[in-house]
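A.B. asks: One-letter residues, chain by chain:
2 protein chains.
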Amino acid sequence: MLGRPLANREGRASTIGVAEGVPALGLDGLSSTAYGPEAALSVLAAAGAAGLAALGPVMLVILALLAVLFASYWQTIEAYPKSGGAYTVAQDNLGVNASLLAAAALMIDYVLTAAVGISAGVGALVSAAPSLHPFTLPLCLGILVVLTLVNLRGTTDAGRLFALPTYLFIACFAIVLILGVFAAIASGGHPRPVVAPPAPPKAVEALGLWLLLRAFASGCTAMTGVEAVSNGVDAFREPRVSSAHRTLAVIVVTLGILLGGIAFLATAYGIMATDQTQPGYQSVLSQLVGAVAGRGAFYYVAIASALCILCLSANTSFVGFPRLCRMVAQDGFLPRPFAIVGRRLVYSVGILYLAVAAGLLLAAFGGITDRLIPLYAIGAFLTFTMSQAGMVMHWRKELGQRRRSRERPWFHVKLAINAVGATTTIVAVVVIVVAKFIQGGWITIVAIPCAIVLLKAIRRYYDGIDARLRDDRPLDYHRSKPPIVLVTVREWNRLTRKALTFARELSTDVTAVHLAALEGPDVKGDERRLRERWAEAVEKPARAHHAKPPRLEFLSAPYRRIHAPFLKLIEELEKRNPDRTIAVLIPELVKHRWWEHLLSARRATRLRSAVLEYGGPHVVVINVPWYVTPPPSIEEAMTQEEAREPTHARNVLGFRRREAPHTQRR
Amino acid sequence: MLGRPLANREGRASTIGVAEGVPALGLDGLSSTAYGPEAALSVLAAAGAAGLAALGPVMLVILALLAVLFASYWQTIEAYPKSGGAYTVAQDNLGVNASLLAAAALMIDYVLTAAVGISAGVGALVSAAPSLHPFTLPLCLGILVVLTLVNLRGTTDAGRLFALPTYLFIACFAIVLILGVFAAIASGGHPRPVVAPPAPPKAVEALGLWLLLRAFASGCTAMTGVEAVSNGVDAFREPRVSSAHRTLAVIVVTLGILLGGIAFLATAYGIMATDQTQPGYQSVLSQLVGAVAGRGAFYYVAIASALCILCLSANTSFVGFPRLCRMVAQDGFLPRPFAIVGRRLVYSVGILYLAVAAGLLLAAFGGITDRLIPLYAIGAFLTFTMSQAGMVMHWRKELGQRRRSRERPWFHVKLAINAVGATTTIVAVVVIVVAKFIQGGWITIVAIPCAIVLLKAIRRYYDGIDARLRDDRPLDYHRSKPPIVLVTVREWNRLTRKALTFARELSTDVTAVHLAALEGPDVKGDERRLRERWAEAVEKPARAHHAKPPRLEFLSAPYRRIHAPFLKLIEELEKRNPDRTIAVLIPELVKHRWWEHLLSARRATRLRSAVLEYGGPHVVVINVPWYVTPPPSIEEAMTQEEAREPTHARNVLGFRRREAPHTQRR
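Chains as they are written, first to last, in the working numbering: chain A, 3 to 668; chain B, 3 to 668.
Check the hints yourself; a few may be wrong.
Partner residues aside, some chain A positions facing chain B, computed with beta carbon under 10 Å [stated by the list, open to error]:
#: 1; residue: Val448
#: 2; residue: Cys452
#: 3; residue: Arg472
#: 4; residue: Asp474
#: 5; residue: Leu477
#: 6; residue: Tyr479
#: 7; residue: Lys483
#: 8; residue: Arg499
#: 9; residue: Pro551
#: 10; residue: His565
#: 11; residue: Tyr616
#: 12; residue: Pro619
#: 13; residue: Ala639
#: 14; residue: Glu643
#: 15; residue: Glu647
Here are the simulated BS3-like pairs of lysine-lysine, each with C-alpha atoms no more than 25 Å apart in a straight line [to be verified]:
#: 16; chain 1: B; residue 1: Lys542; chain 2: A; residue 2: Lys483
#: 17; chain 1: A; residue 1: Lys483; chain 2: B; residue 2: Lys550
#: 18; chain 1: A; residue 1: Lys458; chain 2: B; residue 2: Lys593
#: 19; chain 1: A; residue 1: Lys577; chain 2: B; residue 2: Lys500
#: 20; chain 1: A; residue 1: Lys399; chain 2: A; residue 2: Lys84
#: 21; chain 1: B; residue 1: Lys577; chain 2: B; residue 2: Lys483
#: 22; chain 1: A; residue 1: Lys550; chain 2: A; residue 2: Lys483
#: 23; chain 1: A; residue 1: Lys483; chain 2: B; residue 2: Lys500
#: 24; chain 1: B; residue 1: Lys458; chain 2: A; residue 2: Lys593
Please keep in mind that the hints were generated in silico from the structure rather than gathered at the bench. For each residue, glycine too, the CB sits at the ideal point set by N, CA and C.
Assemble the whole structure, with the sequences as input and the hints as a guide.
C.D. replies: In C-alpha cells, the structure reads:
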C-alpha cells in the first residue's frame, strides 16, 4: 500500500520556483483565511451587531502585525538562505534553551496546524452538506488517516498536486471579493445578500476592551503559516533568496487582501459566526459566498477549494514536523528513531507521531475548530518571537563583526525591523495567553515546559551513554584465557551435538547444563536417559580421541523458571574466574511461521533475555540456530529492490581478488 | 495479586473422603438440577399444559439413563483406580483416534460447563433481583474473571470451601421437596402456591414425538457432571475405590431425588419455563421455591445457594480442563505450554485458554443459558459414550486374559453393563444431535472434528521436529577450523573494544563491519573518523605486538535496512567457506528500563533476528552485552523465594571440593 522501498540515491532534491512555491509553502498561510476571521467573529458574536462593527478595526491591527512579520521574515530569508526555521535561528543566536523553547512551541504548533486544518476543512464540508454534521469527528479522523498514509508513502510531487486547489481557491475568493465589493459600493454600503446569512445572535455582552483583546487573540490564527517560506528556502531554485522573497511577497499580499476583503464583506453583509457544535452550522466563508454569489455551482466549487486547501494545509505539518523532529533528534534531544529515514525516504516515526498526536487532539476536542483555536495561536506566536529575537541577536553579532563597515546603518535598520517584529509578537503572545488562558490556552502553556523538560532529559540520557561509552584505550592484544562455555541441554539430539561441536571450537572448558523439573513437580526427569546417551555419544568417543569431554551437570529449578538457578551458577563462576569470559551457548529452534511460536514454550528466548539483562559484563550469549525446516533463502528477508541490489559483499573482504578470505586486503 | 510463587515441593497431594468428595466432585452433577429440568420445560412450553404433563415421563426416561450411567461409572472407578477419564480409558482401549475424539468432546464439554454454569447462576440471581436483568452478560463475564483469578492463584483448599454452599443447596431443596410433596399430597395433587408462578404460556404446537425427543435431549443436560468422580479417583483417601464408590452413590442418588422431585412439583404447581431473554424472567427453581415456601428469607437463602453452586460448578471446568489439556499436551497433541506448571503450581495456560473460550461463548450467546444448552449435551454424551465403549473393550481384554478364570461370568456381567451404558448413551447422542442440530447443535458437530484435525496437526508438527532432531551420531572430536568472526561496529568505543577483544578470543579471523548510510541519504558517513581511530586503536598496537589486527570493512545499506547487505555478505562467506562456522558478533547496549527501548532504534535486536532466521546452519549469533547502568543484582531477576533457594550451583562444577573449575568432577 505504501509502495516499494526507495534507495538512498532516489532521494532527489527537486527545486521549485515561485509558481510552485506558493502552493507548496503558502497553503498553511492562505488557508488561515478560512478560520482566522471566523475565530475573531465567533468571539465578537457575544456583542451582537456592535461586535460585528468591531471586526474591521481588529482586522486592521492584525494586518499591521502581518506587515511587520512580512518585513521580519524577508530578512530572515536573506540571512539564512539554507533554512531559517525558528529552531535553527534560535540555536544559532540564542543558545540551547531558547532553541528548545522554539522546538517545543513549533512541535505543538505543527500538531495544532494539522488538527485545525482538518477540522476547519470538515467545517467547510459540513457547511455545504449539513447532513454530514453528526459525522464531524469521524470525517476528521478519516482525512487524518488518508494524509498519514499519503505522507508515509512520500509526497515528492506534492507541490504540483497542491497547485490546482490553491490557485482555484485564490481565484474563487478573488471573484467573491470583487463581486462583493462591487455590490457593496453600488448599494451604498448595504448590499442585499443573494442567500441571506443566518440572523446575527443577540448581544449577551457589552463590547469592551476584554472582548476586543480576545477577538484579536483569536484572529491572530489568521497569520499562522507565514513562517513556512523561511523554513524552506533551500527548496527554491537559484537565485534562491530572490525566489523565496517573491514567494513570500505573493503569499503575504494575497493573505492580506483576502483577510481585509473578508472583514469588509462580513461587516457589509452582516455575517456572523455560527456555532460549529450545533446542526445548521455555516462557516463564515460559506455564508460569504452564499451572500455574494448564491448557492449555485460556483458556491460548491469555492467551498470545495476551501475544503481542499484546509486539508492540504494540514499536510504542511506532515512535511514540517518530521523534518523538525529529525533536526532535534540529530542534536540528541529526541529519540534516535525520529532521525531514521523510513523505507520511502520519509521520517516515518515523526509522521506517525504527528498523526497520533493530532488524532488525540481531534478526538479530545470533538473535531470542533472553535475549541482548538485557543490552543493554537500561542505556539505559533511563540515561534515567531523566538525567530525574531534570534534575528535581533544575529544582526547584533553582524554589527559587532563590521565595526568599520559602510553597511552599518543598513544593519541597524535590519536589527530595528526584527526588534519591532520580536516586540510586537511577544506582545501578541502575552495578549493571546491572557485572553485565551481559560478557554484552553493553559494546555499549551503547560505543554511547552513539559516538552522542554522531556527534550532535555532525553539529551541527558544520550550524553550519559556517550560519556560511558567513550574510549581512548587501544585494543588489547595480550593473549587472554579462553572462555568458560556453558551449553544448555535438554536431551541428546542434533541440536545438542551442533551446539557442543561449536562450543568445543571456542574453548576446552565446556559444561553442558541440564535444567530439571521445569515442567512441574509430577514430571519424572529424563536425567538417567540423558546420562546414558552422554556416556555413549560424548564420553566414549572422547576416550578414543584422548580428548577431554564436555561435562554434564544437572541444575534444578524448583520454581520452574529456568533463569534463576542459571544466573546463580553464572554469578558463582564469575566470582571464581574474574578474568574470564563466560559464554552461555543457547541452542535454539528457528521458527519461521508465526504459529510455530504458539507451539513453543520460548525458553531459549527467555533465557537469553535474562542472561543478557542480568548476567553482568563478563557474560556473552551465543545463539546456535537449528532450522526445523530448511532456512528460507535470504531473498525472503529482503524486498525485491534489496535483492536486486548488486552484492556489495563482493567488494569487501578481498573477494574480488580471489584472495583467501582471512588474508588482509590492504 | 496471585500470591507468591510456589516451589515444586509445595505441591501437596491432599486426599479427600466422601464428605469432601461430594462438594469437590459432585458440584457439576448436582448443579445440573438447576438447568436440566428447566431446559426440558422450555421445550415442552411450546405445547402448553399438555407439555407440562409430559415432563414426568420425560424425566423418568432421564432417570433411567442416569441409573445406567451410575452402574457404568461404578465399574470404571473399579477398573481405573488412578484416573478413569474418558481420554485415558479411550486411549487405553480404543486407540489414538478414539482418545482424540474423547479429548475434543471433553474439551468442548468443559468450556460449555463453565459457560452454562455461570449463565445459569446469573439466571438464578436475575430471578431473585429482576433489576439486574439488563446486566446479565457483564455479570457473567465478571464471575468468569473472578473464577479465572481464583484458579490462577490455585485452589488447594477448594474442596473445603465448596462444602458449605453444596450442603446448603441440598438442604434447602430437600426442605422444598418435602414441603412441596407434603402440600401436594395434602391437597390431593393440586396444592395452592404461596407465590403463584407466572401463567403458563399458550400452546403453540401439538405435543408430538418430535417435541418429546427435543425435551429429552435438552433434559439430558441434567446428567452432565456424573463422570467427574471417575476422573478424580486418585484424589480419594484409601480405600480409594470404596470412597469413590460411596461418593458417586451419594451424588447420583441425591441428583436423582432432586430431579424426580422437581419434575413432580413442577407438574403439581403448574410451573413452566420463562424466557431468560425477557425481563421478568423466573428460573424454574425460583418459581418452585416461591410456590412452595413463598418469597421470604428462606427463598433468598435457597436461591443464593443455587447461585453459588452454579458458579462453583463452572469451577469444575477450571480444575478439569487444564489437567486434561496437560495430559493431551504431554502426548504431544497440544502445544507444550499447556503442560507447563505455572508459578502457583497450576496449568496457567489451560486456565487462561478456558477463560477466553468460555468468555467468547458467553459473549456470543449473550449469557443466555437456554441458547447454550443445545451445544452442551452433545459433548457430554459423546464423552460418556467414548468412556463406556472403552470400558467394553477393557472387559473384553480382561476376558481374553482370563480364559479359565472362575470370575468370567462376573466379567460378562460387567461387560454387559458397560455395553448397555454405551448403547443408551450413543442412542442419546443421536437423539440429541437430531433434536438440537438446528438450534446450535451443529456448532458442536462442526467443532469436534475441527478440534481433532487440529490436535493431530499439532502432534504431526512435534513428531516432525523430533524426527529431524533425533541423532544417533556421537560428538565429533576432530579439530575443526576456528570460526570466521564478523563484528558489527558503529564507532570506536568501549562496546566495540569489548566485542573485538572477545572476538579475538574466538578466532584470529576477525572482520569488523561498519554499515554506512543507515540514517538516510543526507547523513555524511563518519567513515573517515572511524578509519582514523581504527588505525590508532587497532592497527598500531597490532604492529607493536606483531599480531594480525582485525580488518575493518564498510558495507552500504542503500535501503537503510542493516540486514540485507549483511545477509548477502554471510551468504558469500558461506559459499567460500562451506566447512567453517560464521560467528556474527553483535555488541548490544542492555536496557533495563522500559522507556529505554523507546529511545533506541533496536538495530541490534533486529539484526540478531534476521541473522538467526535467515543466516543458515553455519551461522551463530553472539550477543555481547554492555551495561549502560551497572547491571542490577541477579536477585532482581528472580522472586524472593527463588533468591532464598540455596544455591544449587555450589553443588555442581566441583565447587564444593575447591577444585579448579575446569578440571573434571568425576
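A.B. asks: Each of the hints needs a verdict: does it hold here or not?
C.D. replies: Cross-check of the supplied hints:
no., hint, verdict
1, Val448, "violated, 21 Å"
2, Cys452, "violated, 15 Å"
3, Arg472, "holds, 6 Å"
4, Asp474, "holds, 8 Å"
5, Leu477, "holds, 5 Å"
6, Tyr479, "holds, 4 Å"
7, Lys483, "holds, 8 Å"
8, Arg499, "holds, 6 Å"
9, Pro551, "holds, 8 Å"
10, His565, "holds, 6 Å"
11, Tyr616, "holds, 4 Å"
12, Pro619, "holds, 6 Å"
13, Ala639, "holds, 4 Å"
14, Glu643, "holds, 6 Å"
15, Glu647, "holds, 6 Å"
16, Lys542/B / Lys483/A, "holds, 23 Å"
17, Lys483/A / Lys550/B, "holds, 18 Å"
18, Lys458/A / Lys593/B, "holds, 20 Å"
19, Lys577/A / Lys500/B, "holds, 20 Å"
20, Lys399/A / Lys84/A, "holds, 19 Å"
21, Lys577/B / Lys483/B, "holds, 16 Å"
22, Lys550/A / Lys483/A, "holds, 17 Å"
23, Lys483/A / Lys500/B, "holds, 15 Å"
24, Lys458/B / Lys593/A, "holds, 20 Å"
Hint compliance for this structure: hints 1 and 2 are broken, all remaining hints hold.
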